[in-house]
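Residue numbers (my numbering), protein chains in the order written: chain A, 69 to 359; chain B, 454 to 790; chain C, 1466 to 1801.
Heads up, none of these hints are tricks.
Computed from the model, here is a short list of chain B residues facing chain C with C-beta under 7 Å: (1) Ala649; (2) Ala677; (3) Glu678; (4) Val697; (5) Asp698; (6) Arg731; (7) Leu738.
Using C-beta positions, here's what the derived DEER-type ranges look like: (8) Glu518/B / Ser104/A: 29 to 37 Å; (9) Ser614/B / Glu1613/C: 43 to 51 Å; (10) Ser614/B / Pro1574/C: 31 to 39 Å.
Calculated directly from the structure, the hints in this document are not laboratory data.
Positions of the beta carbon are idealized from the N, C-alpha and C atoms, including for glycine.
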Amino acid sequence: MAVIADDLALPPARRFSLWRAIRRNPTIALGAVLLSVLIVLAIFAPFIATNDPFKIAPVNRLRPPSERWWFGTDQFGRDVFSRTIYGARVSLIVGLSVAAFSSVLGLALGLACGYFRKVDALVMRVMDGLMAIPSILLAIALITLSRPGLGIVIVAIVIPEVPRIVRVVRAVVLSIRAQPYIESAIAGGTRNWKLLTRHILPNTLAPLIVQSTYVCASAMLIEAGLSFLGAGVPPEVPSWGNIIAQGRTFFQIAPWTIMIPGAFLAVTVLAVNLLGDGLRDRLDPRLARRL
Amino acid sequence: MSGSPNAILEVRDLHTQFSTLDGVVRAVDGVSFEVARGETLGIVGESGCGKSVTAMSILRLIPPETGRIASGSIRFEGEELTTLSEEQMKRLRGHRISMIFQEPMTSLNPVLTVGTQIAENVVRHLGVSWKAARERAFEMLDLVRIADARRRLDEYPHQLSGGMRQRVMIAMALSCDPQVLIADEPTTALDVTIQAQILDLMIELKEKTGTAIVLITHDLGVVAETTERVVVMYAGRKVEQATVDALFEEPLHPYTRGLMRAIPRLDVEADAAGTRPRLQEIPGLVPILTQPIVGCAFAPRCGFATERCRRERPPFVDAGAGHLVACWEIDSVRRVA
Amino acid sequence: MSDGPVLQVEGLVKHFPIHGGLLQRQVGAVRAVDGVSFSIRRGETLGLVGESGCGKSTIGKVVLKLIEPTAGRIVLGGEDVTALKPGAMWPHRRRIQTIFQDPYSSMNPRLASGTIVGEPLENFGIARGAERDERVAQLFRRVGLRPEAMRKYAHEFSGGQRQRLGIAKALSVNPDVIVADEPVSALDVSVQAQVLNLLIDLQEEYGLAYLFISHDLAVMRHISHRIAVMYLGRIVELTDKRTLFTQPLHPYTEALLSAATAPDPKRRRKRKKIVQGDVPSPARPPPGCHFHTRCLYATAECRMTVPPLIEVAPGHHVACLRRPVGGDPGPLSIPG
Chain A
69 MAVIADDLAL
79 PPARRFSLWR
89 AIRRNPTIAL
99 GAVLLSVLIV
109 LAIFAPFIAT
119 NDPFKIAPVN
129 RLRPPSERWW
139 FGTDQFGRDV
149 FSRTIYGARV
159 SLIVGLSVAA
169 FSSVLGLALG
179 LACGYFRKVD
189 ALVMRVMDGL
199 MAIPSILLAI
209 ALITLSRPGL
219 GIVIVAIVIP
229 EVPRIVRVVR
239 AVVLSIRAQP
249 YIESAIAGGT
259 RNWKLLTRHI
269 LPNTLAPLIV
279 QSTYVCASAM
289 LIEAGLSFLG
299 AGVPPEVPSW
309 GNIIAQGRTF
319 FQIAPWTIMI
329 PGAFLAVTVL
339 AVNLLGDGLR
349 DRLDPRLARR
359 L
Chain B
454 MSGSPNAILE
464 VRDLHTQFST
474 LDGVVRAVDG
484 VSFEVARGET
494 LGIVGESGCG
504 KSVTAMSILR
514 LIPPETGRIA
524 SGSIRFEGEE
534 LTTLSEEQMK
544 RLRGHRISMI
554 FQEPMTSLNP
564 VLTVGTQIAE
574 NVVRHLGVSW
584 KAARERAFEM
594 LDLVRIADAR
604 RRLDEYPHQL
614 SGGMRQRVMI
624 AMALSCDPQV
634 LIADEPTTAL
644 DVTIQAQILD
654 LMIELKEKTG
664 TAIVLITHDL
674 GVVAETTERV
684 VVMYAGRKVE
694 QATVDALFEE
704 PLHPYTRGLM
714 RAIPRLDVEA
724 DAAGTRPRLQ
734 EIPGLVPILT
744 QPIVGCAFAP
754 RCGFATERCR
764 RERPPFVDAG
774 AGHLVACWEI
784 DSVRRVA
Chain C
1466 MSDGPVLQVE
1476 GLVKHFPIHG
1486 GLLQRQVGAV
1496 RAVDGVSFSI
1506 RRGETLGLVG
1516 ESGCGKSTIG
1526 KVVLKLIEPT
1536 AGRIVLGGED
1546 VTALKPGAMW
1556 PHRRRIQTIF
1566 QDPYSSMNPR
1576 LASGTIVGEP
1586 LENFGIARGA
1596 ERDERVAQLF
1606 RRVGLRPEAM
1616 RKYAHEFSGG
1626 QRQRLGIAKA
1636 LSVNPDVIVA
1646 DEPVSALDVS
1656 VQAQVLNLLI
1666 DLQEEYGLAY
1676 LFISHDLAVM
1686 RHISHRIAVM
1696 YLGRIVELTD
1706 KRTLFTQPLH
1716 PYTEALLSAA
1726 TAPDPKRRRK
1736 RKKIVQGDVP
1746 SPARPPPGCH
1756 FHTRCLYATA
1766 ECRMTVPPLI
1776 EVAPGHHVAC
1786 LRRPVGGDPG
1796 PLSIPG
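Construct the complete structure from the given sequences, taking the supplied hints into account.
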């Protein structure tokens, strides 16, 4: 009877250790920590904020940072610290929802394009067209057609971001379709639906997650830009873009009104990008193998 | 033990290690051998036995981020290579010791013509004029019997077939008259008929130039047909060393014997149609090199192994005429002809 | 099943179009397979041997209907499957399975080995759930793996063990034919012997037919009953292995045999006729006999006429103009 081919000689599976994970992926760890702090700030903003972010008090206008107003006040005497904390909500909602919506749409279209070659030519030309539209102009156009609001900002950013995801997913699907294990599965009687869901889809998730972090970061920047231009969320909502726009005229006498939300925006985008870069290195087997 | 005066390359107790996430891999674990002037030495073994790492250690091509030569000595014409600076090694490589690899496409620069690549090597090492170097490149291509060599000088690697690219690699390797040529699986990626052409070319050139060749391969057929002496490696260690005739006449290490019986043979008398004799298997797997190996590395898979084999590392025994074997049970192995 | 061939291929042609120019028009074709016929009986191994670019792997894929043939007929267990669309082909896939060359890339890295091996069982509705697991465990034992290893991923196995997984998967649906494309080429010799022995045992146990594709003559001689030698898309010689190795008639077969290395230093300088030059590109094969550019015995006629594959002796087919039926099987003369 058959001899049992000895599998004892294989290295034992290693147990997960948090410390090793951090040491191996310092960028992921740093990005994740920064982002977690921001998310906690955003969620618990009402408890963390030291003052009412909407309360106008002309008496206290343009106060420099102090014990009472950590980050100073703006020209209406509103607390910049509290407004910045509330602003994190807008940025994170926009970033995360744009990433989520464009990932779902992009994944579906990308799978279809990569797997069914007939769909490919048509969809990809449409995607090329969408990519040619600057999101700022699209947002301004959409907002002039309807009421300004968070929803319209998200839609305006999602539309030009979808093609980026589609391209990534499609490229991955094309390369996986050429793998011998796909041929092996077909020869073993695996049919289209299962081939897509079991063999192809799971392999697209890693690059999809990486790409969606970049989309998230760019969505936050675009949102801030739109708000700054007055084409984003309504001016009374404390978003980082709005705070900066309103502080603009007093920049020389009250630089904190711009510097603080600006720094938060930069750190958030940096955190998301660090996370993305770290995940890319970790999830790409070619890069991950190098220790 | 000091080397014979005729040795051009002496490797003594070489240990090369790599640090990985799973621990330290002892890729080469105490290997010694020497190469005489103008001889062809074969290093044979299966994947992971350390044969390529040995070659890379000699040329000091071990990536410093992960690997290092932990101990041992490598002497080339009496000069210790392990302590040379990278600058000094650069002057040596491709000049006095050169190397050819399995996949010539990855070792050639795709954006330079083959003539330029050979000539650059000549200019760098011999300091001759560009014109003379081009002429040398032409001579070399002609020497490796590339038809229409003058025209081929101006072609890019992708315009050549696999066999031709390997010829170009050989031409480049020999362009500065090296004393030693290290060939790592030079024909593994080639078709059978092309492999035969390249092997014949290597033997012919060796006789013409007197370059010693270290031929690294997993293929016992290639070893039998081209080398004079053979080192058999297993799990980072040398297990047997002999002249090619002695080794194939009477392999002494149980691992070498196992290998020879495991390969399907073309040369033995054809069997009656339909019958298919079973091949002899070597049971089990090669050991993991991250864990220190106690005793003989082959003991877990060896039919002759005793308690001692599992406990103590066997020393080399001279079985006559320089036929070295690292095996405690050599007498019982020999009885089972 | 009757005594008829389990797999029969007639006049198989596969051309891959070459597109070029600005408009990506078809500017030529790689004639990967150029009119190949053979048949395999139950329990038989037919070897396809040849150098890279000879079309042997393409034949394997066409026969499996992983790619569509350009012309010719594929008859699987008496049924013509040549023109079947993917959906209609699906039920026939049970009869023909495959083992791939590269045990690393032919397994989905994200699936447990038990899932990979049991996938065909699920696909064809043969077994599900606990029954499937039981069948998979049996298959693991049959190919020499511990059933507990079912939960491991492909990368946790050694090369030889992965090849066993591939064999278990192919075996799972009880096929008639297994196409084995270089199944031992990526393995070390000691492991190669284990896999070859296993393949032979399974063939004898289940009466499997193998279409065994390899470039290695020694492996071929070990496992095959009959061997077809291919050169640039065509079969040049087809006969039982004993005849092929003792009395090769085609000059290319001779060249292959004399180029093969043997683990015997005494034989080393006996290699007499090494064929020179490279294999021409299959996109522009030479006219007439494809081998004439490298053949020592080629005449003017060889450069013009395509030699048909003729049965020169019972069961011995050769495609060489200089080997007529009943001709002298001795050495050919080199034309002056």
